[in-house]
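With these hints in hand, go ahead and build the complete structure from the sequences.
For the record, the sequence lines run as chains A and B. My numbering numbers the first residue of the first sequence as 76 and each following residue consecutively. My numbering numbers the first residue of the second sequence as 99 and each following residue consecutively.
Simulated from the structure, these hints should not be mistaken for lab results. Ideal placement from N, C-alpha and C gives every residue a C-beta, glycine not left out. Among the hints, erroneous ones may be present.
Think about it this way: if two alpha-carbon atoms lie no more than 30 Å apart in a straight line, the pair counts; the simulated DSSO-like pairs of lysine-lysine are [stated by the list, open to error]:
1. A:K142 - A:K225
2. A:K159 - B:K258
3. A:K159 - A:K174
4. A:K263 - B:K258
5. B:K258 - A:K174
6. A:K212 - A:K159
7. A:K159 - A:K263
8. A:K142 - A:K263
9. A:K225 - A:K212
10. A:K225 - A:K174
11. A:K212 - B:K258
12. A:K263 - A:K174
So the derived label-pair ranges between C-beta atoms look like this [claimed, not checked]:
13. B:I117 - A:R164: 38 to 44 Å
14. B:W201 - A:S104: 41 to 47 Å
15. A:D173 - B:S140: 16 to 22 Å
16. A:Q187 - B:P148: 44 to 50 Å
17. A:D113 - B:I298: 32 to 38 Å
18. A:W149 - B:L291: 35 to 41 Å
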Amino acid sequence: MSVERRHLLRNGLSIGSLTLLTGCDFSDSNVVQRVLADFSRWNDRVQAALFSDNRLAPTFPAERAVKDFRYNAWYGPDRAPDLKPDDYRLMLSGLVADKRPWTVAQLYALPQVSQVTRHVCVEGWSMIGKWTGAPLKTFLERVGADTTAKYVGFECADGYYESMDMPTALHPQTIMAFYLSDEILPRKYGYPFKIRVPTKLGFKNPKFVTTIYVTNVRPRGFWTDRGYNWFSGI
Amino acid sequence: MSKPDREQHVQTHALAVRIAHWLMALSILIMIGSGWRIYDSSPIFDFRIPVWATLGGDVETALAVHNDPGVATAIAWHFAAMWLLLLGYLLFVGWGVGSGHFWRDFLPVSPRSFLRDFIAAARFRLEHSLGEYNAVQRVFYWGVLALVALMLLSGVAIWKPVQTYPLVSVFGGFQGARLVHFLGMALICGFLLVHVALVILVPRTFIAMVTGRASEPLAHRKSETVS
Numbered sequence: 076m077s078v079e080r081r082h083l084l085r086n087g088l089s090i091g092s093l094t095l096l097t098g099c100d101f102s103d104s105n106v107v108q109r110v111l112a113d114f115s116r117w118n119d120r121v122q123a124a125l126f127s128d129n130r131l132a133p134t135f136p137a138e139r140a141v142k143d144f145r146y147n148a149w150y151g152p153d154r155a156p157d158l159k160p161d162d163y164r165l166m167l168s169g170l171v172a173d174k175r176p177w178t179v180a181q182l183y184a185l186p187q188v189s190q191v192t193r194h195v196c197v198e199g200w201s202m203i204g205k206w207t208g209a210p211l212k213t214f215l216e217r218v219g220a221d222t223t224a225k226y227v228g229f230e231c232a233d234g235y236y237e238s239m240d241m242p243t244a245l246h247p248q249t250i251m252a253f254y255l256s257d258e259i260l261p262r263k264y265g266y267p268f269k270i271r272v273p274t275k276l277g278f279k280n281p282k283f284v285t286t287i288y289v290t291n292v293r294p295r296g297f298w299t300d301r302g303y304n305w306f307s308g309i
Numbered sequence: 099m100s101k102p103d104r105e106q107h108v109q110t111h112a113l114a115v116r117i118a119h120w121l122m123a124l125s126i127l128i129m130i131g132s133g134w135r136i137y138d139s140s141p142i143f144d145f146r147i148p149v150w151a152t153l154g155g156d157v158e159t160a161l162a163v164h165n166d167p168g169v170a171t172a173i174a175w176h177f178a179a180m181w182l183l184l185l186g187y188l189l190f191v192g193w194g195v196g197s198g199h200f201w202r203d204f205l206p207v208s209p210r211s212f213l214r215d216f217i218a219a220a221r222f223r224l225e226h227s228l229g230e231y232n233a234v235q236r237v238f239y240w241g242v243l244a245l246v247a248l249m250l251l252s253g254v255a256i257w258k259p260v261q262t263y264p265l266v267s268v269f270g271g272f273q274g275a276r277l278v279h280f281l282g283m284a285l286i287c288g289f290l291l292v293h294v295a296l297v298i299l300v301p302r303t304f305i306a307m308v309t310g311r312a313s314e315p316l317a318h319r320k321s322e323t324v325s
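In structure tokens, the structure reads:
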């Protein structure tokens, strides 16, 4: 622990000084990226320690929820996957007892809760929305997931992939959102459901989820692979 | 250096002060540069910071590798440097309080003495003597210490608005905290400009902050009015 911290400090100092003293931006060098990744892993641990199972994200009165929620993806809304309820199946894998696929009708029949919470984007913008759906915890229990495992991973129809720590997956506000603003989740927002997790940044809320898996090997994430912090709690 | 102290002005800085000073200097510059890149990804005001002034690597490279304009790297810089800043700040404040450096050198200060020295400085009549802080300097150092504390607090509020929820409401919510964080940055930039300009005018202070000691003969002093 202390060795790691010393290591972080020494590398951080020398890289930072080098960048500033020479006036050059060394950000793209492998060494800098490696040191920044070390700090990012350290921050993962700090955030996991800060996270509390029973601390709830602030909720807001329903009238503060934005009706026309901001569309955000690396592709345009017309290119969003168009999943049909008749063909769609949610697949399960990993440390799950019952791996039978789920239909949309089965999913939408799960007990549901509503939340009016703030979606915070890593870029800095934020927006309050109303989401309704089944707590992920309820679902994980139904399928006999090993909730003592470390991670839950998601794969999506648009090629996106995400993952989170088990404590966050079991948090009461982490839901499989079937509705946005009281309407069935529109195609461009991730039909048939998105994971809504108000204790994490926006990019940790995957849409068009087609597979959920439970594992002890830390899964990757689409934006994490592109340099963003993995835990990304808020 | 060989002359006895009573014949010269001497500026000394303890090792802890120098380490803390350079830790903060380094981390604040990294945080400003990376913060500007992060700001550009979702500007609060009607302007963007020119990319060349920001920290986060080459935009084209980032677009190719990260599929974003270097915001991932800027955020990684920001959340790495924050630990260095926290460390430097705690060391500086801890040493300042514990050793008596704050009370000895930054106090007393009053609105009257500030006004007097400020007017003198504005007329270029304020003498600088190594090792002594005039009232304007004292106010500036207290001010920037308070500003860094404000930046740490508003920064934590933005970083963890859920886990530190009551904190974010102190700043008027998430967007309020972003605004405070930006304005605090602007004030710190203002401090840095003045601070560096004065160091250029009196380069011995730079030597003192690096080596721990600098001196100038008493004869260099034109008047004895500054206490």
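Checklist line | Hint consistency between K212 (chain A) and K159 (chain A) [alpha-carbon to alpha-carbon, up to 30 Å] | finding: holds, 26 Å
Note to self: Against the 30 Å threshold, does the CA-CA distance of K225 (chain A) and K212 (chain A) hold or violate the hint?
What the structure shows: holds, 14 Å
Checklist line | Hint check for P148 (chain B) and Q187 (chain A) - Cβ pair distance inside 44 to 50 Å | finding: 48 Å Cβ-Cβ, so the 44 to 50 Å window holds.
Next item on the list: Given the hint that K159 (chain A) pairs with K258 (chain B), test it: the Cα-Cα distance must not exceed 30 Å.
Entry: violated, 38 Å
Next item on the list: Given the hint that K263 (chain A) pairs with K258 (chain B), test it: the Cα-Cα distance must not exceed 30 Å.
Entry: The given pair, whose Cα atoms are some 28 Å apart, holds under the 30 Å limit.
Checklist line | Satisfaction of the hinted span 38 to 44 Å by the C-beta atoms belonging to I117 (chain B) and R164 (chain A) | finding: 60 Å Cβ-Cβ, so the 38 to 44 Å window is violated.
Item checked: Restraint check for K142 (chain A) with K263 (chain A), where alpha carbons must lie at most 30 Å apart -> holds, 14 Å
Notebook entry, point to check: Do the alpha carbons of K212 (chain A) and K258 (chain B) lie within 30 Å of each other, as the hint requires?
Noted result: Distance of about 23 Å is within 30 Å: holds.
Notebook entry, point to check: Taken at face value, is the distance from the CA of K225 (chain A) to the CA of K142 (chain A) at most 30 Å?
Noted result: violated, 35 Å
Next item on the list: Using the Cβ atoms, figure out if W201 (chain B) sits within 41 to 47 Å of S104 (chain A).
Entry: At 45 Å between Cβs, range holds.
Notebook entry, point to check: Do D173 (chain A) and S140 (chain B) keep their Cβ atoms within the hinted range of 16 to 22 Å?
Noted result: Given range 16 to 22 Å: violated, Cβ gap about 42 Å.
Checklist line | Supplied distance hint 32 to 38 Å, evaluated on CB atoms of D113 (chain A) and I298 (chain B) | finding: With a Cβ separation near 36 Å, D113 (chain A) and I298 (chain B) satisfy 32 to 38 Å, so the hint holds.
Violated hints, listed in ascending order, are 1, 2, 5, 13 and 15; each of the other numbered hints is respected by the structure.
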